[in-house]
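*Asks:* Protein chains in written order, with the working numbering: chain A, 1 to 243; chain B, 1 to 243.
Since the hints were derived computationally from the structure, they do not count as laboratory data.
A few of these clues could be false.
Repeated chains share a single entry, so a pair holds when one copy, or any two copies, can fit it.
Stated by the list, open to error - Derived DSS-like pairs (lysine-lysine); straight-line CA-CA distance at most 30 Å: (1) K32 to K130; (2) K122 to K24; (3) K32 to K88; (4) K85 to K27; (5) K27 to K119; (6) K124 to K32; (7) K124 to K85; (8) K123 to K32; (9) K24 to K130; (10) K119 to K32.
Number of protein chains: 2
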Amino acid sequence: MTRFFVDPSELAGAGLTLTGENAKHAKVLRLKAGEEVLVCDGAGGECLCRVVDYADGAVELEILERREASTEAAVRVSVYMAFPKADKLEHVIQKATELGAYEIVAFPAARCVSRPDEKSLKKKLERWQKIAASAAEQSGRGRIPEVRVVASYAAALEQAARCDKALMFYENEHATTLRMALESSPFESVSLLTGPEGGLEEREVEQARNAGLQVCTLGSRILRCETAPLCALSAVMYAAGEF
Amino acid sequence: MTRFFVDPSELAGAGLTLTGENAKHAKVLRLKAGEEVLVCDGAGGECLCRVVDYADGAVELEILERREASTEAAVRVSVYMAFPKADKLEHVIQKATELGAYEIVAFPAARCVSRPDEKSLKKKLERWQKIAASAAEQSGRGRIPEVRVVASYAAALEQAARCDKALMFYENEHATTLRMALESSPFESVSLLTGPEGGLEEREVEQARNAGLQVCTLGSRILRCETAPLCALSAVMYAAGEF
């Protein structure tokens, strides 16, 4: 079923009108009066709606049923990724959204080559949030994951550590597997922290341990910085019983 | 440790000489006499070597130890992917190699938009195999996964069905999870079959069932055709105890 995202305030009444990009999209899809569509508030709530009228670039809908989105994962996974080069972050935002991530958080690390300045950051965040919105729509999610940036490595650790499972992946860790970390106790929220192209420095790994993160391996092969978070996210979703 | 791939025949004697691309790569890395490197036969065997001499664009090595590569997964996973558009197959070849796939097999399906003709296929296969070789080297693998093409959908099913677990992923399957399929019995080999951009047709899914494949879900979100095989591969590696 076709899915539109609107501001939660628009879902307050008994009906709503799709405008702007949503109306254009409806036109492309040639939606007709009587057809049913899903309208999501982007925060996990959705409404089953019926097209009432369609004219002058606006689509009038009647709300049939309000419900919770059924496509959101029960486990909340936060993907913490050190700023990578160029378009890799965009790739991870798109894929992590498809795979059901709760949020995607970029942070600076010692070996990051790319670090957007304050000025370009606002524009970039807008662009990243749009990528997440588009991927959420395509994958049929009811919630758009938030894309955030934290200003320091220490702040990223502090925030990541608040999850039930706060995990860092490091290629020189061989003893603790992701499975050990996940199976030791039940969890509802997980943070997955991975390094930049050049990897994390040993002192950064120590800093993470001190902040309460558990350092794990993702196997004996070296994964690229854009592969590691998606591999870990897929495995956590599997381990949490999503598929 | 630096890793070079050579033809297995070159590892027959007590020493060997790196030439061509390998020698160029050694030069870039400024390898010195006395340094240790790994030379892999690309089929899971590797030799720990020491640089003896380095001159005139060739590197002479002494073999110190012959062993099995320690970075190969115990489980053999074959990734069967319906031909996708453009560069998506290249993406999957690179990532699946990093993630430890045993082989990557492309096949035609009803809704495939792209289907390389016989003539362009040979060149493409060479290019794809190079991508796998490069990803194997970078991720520290001892084996280069083979990239193959099968001529028909029926042949793909027949080959995929030979694995201990032969699994197809389909967005309209909701009852059987990947976990159910994997946990029902022990396995040493797994095939993961996924569809093209437009998805698999219902009759193709039936055909797969009849050929002995088990049809599973990868969760309630719709994954893009390049995301599904990598998500499934990551989960299988996790389930098989790789990390």
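*Asks:* Each hint should be assessed against the structure and marked as holding or not.
*Replies:* Against the structure, the hints:
no.	hint	result
1	K32 to K130	within (27 Å within a copy, 50 Å between copies)
2	K122 to K24	within (26 Å within a copy, 43 Å between copies)
3	K32 to K88	neither (39 Å within a copy, 34 Å between copies)
4	K85 to K27	between (37 Å within a copy, 26 Å between copies)
5	K27 to K119	neither (36 Å within a copy, 41 Å between copies)
6	K124 to K32	neither (36 Å within a copy, 44 Å between copies)
7	K124 to K85	both (13 Å within a copy, 28 Å between copies)
8	K123 to K32	neither (36 Å within a copy, 47 Å between copies)
9	K24 to K130	within (17 Å within a copy, 43 Å between copies)
10	K119 to K32	neither (44 Å within a copy, 46 Å between copies)
Going through the hint list in order, the structure does not satisfy hints 3, 5, 6, 8 and 10.
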